[in-house]
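**Student:** Line by line, the protein sequences are chains A and B. When we follow the numbering used here, the leftmost residue of the first sequence carries the number 1, and every step to the right adds one. When we follow the numbering used here, the leftmost residue of the second sequence carries the number 1001, and every step to the right adds one.
Just so you know, these hints were derived from the structure itself, not from any lab. Treat the hints loosely; a few may be bogus.
What the hints assert, rightly or not - Incomplete in silico selection of chain A near chain B, CB under 10 Å: (1) P11; (2) Q34; (3) R57; (4) P58; (5) A95; (6) G99; (7) P105; (8) S106; (9) P135; (10) D136.
Ideal Cβ placement from N, Cα and C applies to all residues, glycine included.
There are 2 protein chains.
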Amino acid sequence: MNNQYPFPIDPRLDLVLERVVDVPPELVWEAWTQPEHLKQWFCPRPWSVAECEIDLRPGGRFRTVMCSPKGEKLPANDGCYLEVVENRRLVWTSALTPGFRPLVPSGEDGFLFTAHILIEPEGKGTRYTAIAMHPDEGGRTKHEEMGFYEGWATALEQLVEHMQNQAH
Amino acid sequence: MNNQYPFPIDPRLDLVLERVVDVPPELVWEAWTQPEHLKQWFCPRPWSVAECEIDLRPGGRFRTVMCSPKGEKLPANDGCYLEVVENRRLVWTSALTPGFRPLVPSGEDGFLFTAHILIEPEGKGTRYTAIAMHPDEGGRTKHEEMGFYEGWATALEQLVEHMQNQAH
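Please take these sequences and the hints and turn them into a complete structure.
**Tutor:** In structure tokens, the structure reads:
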């Protein structure tokens, strides 16, 4: 990944998925920022995205509702964008709600993270880096055990497949 | 305050201090963004600011250490800038640490808030609005009982006095 990234990554606390994909940065950006696209790839199948709301500005809402294979909706994930750099970088967090309001502290079920999606041109494709930053090792471990690597990799494969179909 | 503010304020959850002060926006901005200035006004006397670190960019550190009248340093307040709009708007939160990393959840002692400082020209001075956004009513009440209105008003008076002395 880009060694110039201005925020230090801590292997004890953070999870990083890096891939080079055969889709240009502009289409990766569209996939992440347009609800009709995001719904098609964001959840590893047979799970799906039932709802998606994107208010694409720092402080704006990023809200998704997952749907189980049996059609049951999970509670909404309601987060907040932090950095929006077109075709290059998208940062959002689950620790703030829209308007940058801190989240009501919850019990032990949830965990907080900030996601940094880095999008860099590489050849005709994209070097794609997803970083999940956690407050502590417990958060990182929990996210890893929930299947971060497999889940985010599968979702990325779905993103690539979906956007390639769009382009053709 | 500016009715165009893009993030809704909730009177149940938020505290707002609004004043028109006799200092231009550029000097209010300097007072908030340069450690040597901030140290002179940020804490109502006889409390003081022992340390101040400012990395003025979204995701950058905003760290202060308060010092009691007896010279005892309190634990650092280590927050993160969210929006940096020169001479107009400064937003930071205590809910994230630098790099937008979520804070380790703490016990009952602390509370989280996001501060929005709005700076608008008015005549030769500034319409100054400080908004503290909390996750819940408990957070707002606690902040109010800690003396939000008196404390932030006194600090602002100190800011004005300090920057007027700079200008002369």
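**Student:** A separate judgement is required for each hint: does it hold in the structure or not?
**Tutor:** Do the hints match the structure? See the list:
Checking A/P11 against chain B: minimum C-beta separation of about 14 Å lies over 10 Å; hint violated. Violation of the interface hint for A/Q34 is found here, the shortest Cβ-Cβ separation to chain B being roughly 21 Å, above the 10 Å cut-off. For A/R57, the shortest C-beta to C-beta distance to chain B is roughly 8 Å, which falls under 10 Å, so the interface hint holds. A cut of 10 Å between beta carbons decides the hint on A/P58: the least distance to chain B is about 6 Å, and the hint holds.
The restraint placing A/A95 at the interface with chain B holds, with a minimum CB-CB distance near 4 Å, inside the 10 Å limit. Look at A/G99: its Cβ gets to within about 3 Å of chain B, closer than 10 Å, so that hint holds up. The interface hint given for A/P105 holds, since its Cβ lies 6 Å from the closest Cβ of chain B, which is under the 10 Å cut-off. Using the Cβ-Cβ criterion of 10 Å, the hint placing A/S106 at the interface with chain B is satisfied: the shortest such distance is roughly 9 Å.
Because the closest C-beta pair between A/P135 and chain B is about 4 Å apart, less than 10 Å, the hint holds. A hinted interface residue such as A/D136 counts as satisfied when its beta carbon comes closer than 10 Å to some beta carbon of chain B; here the least separation is about 5 Å, so the hint holds.
In the structure shown, a violation is registered for the earlier hints numbered 1 and 2, in ascending order.
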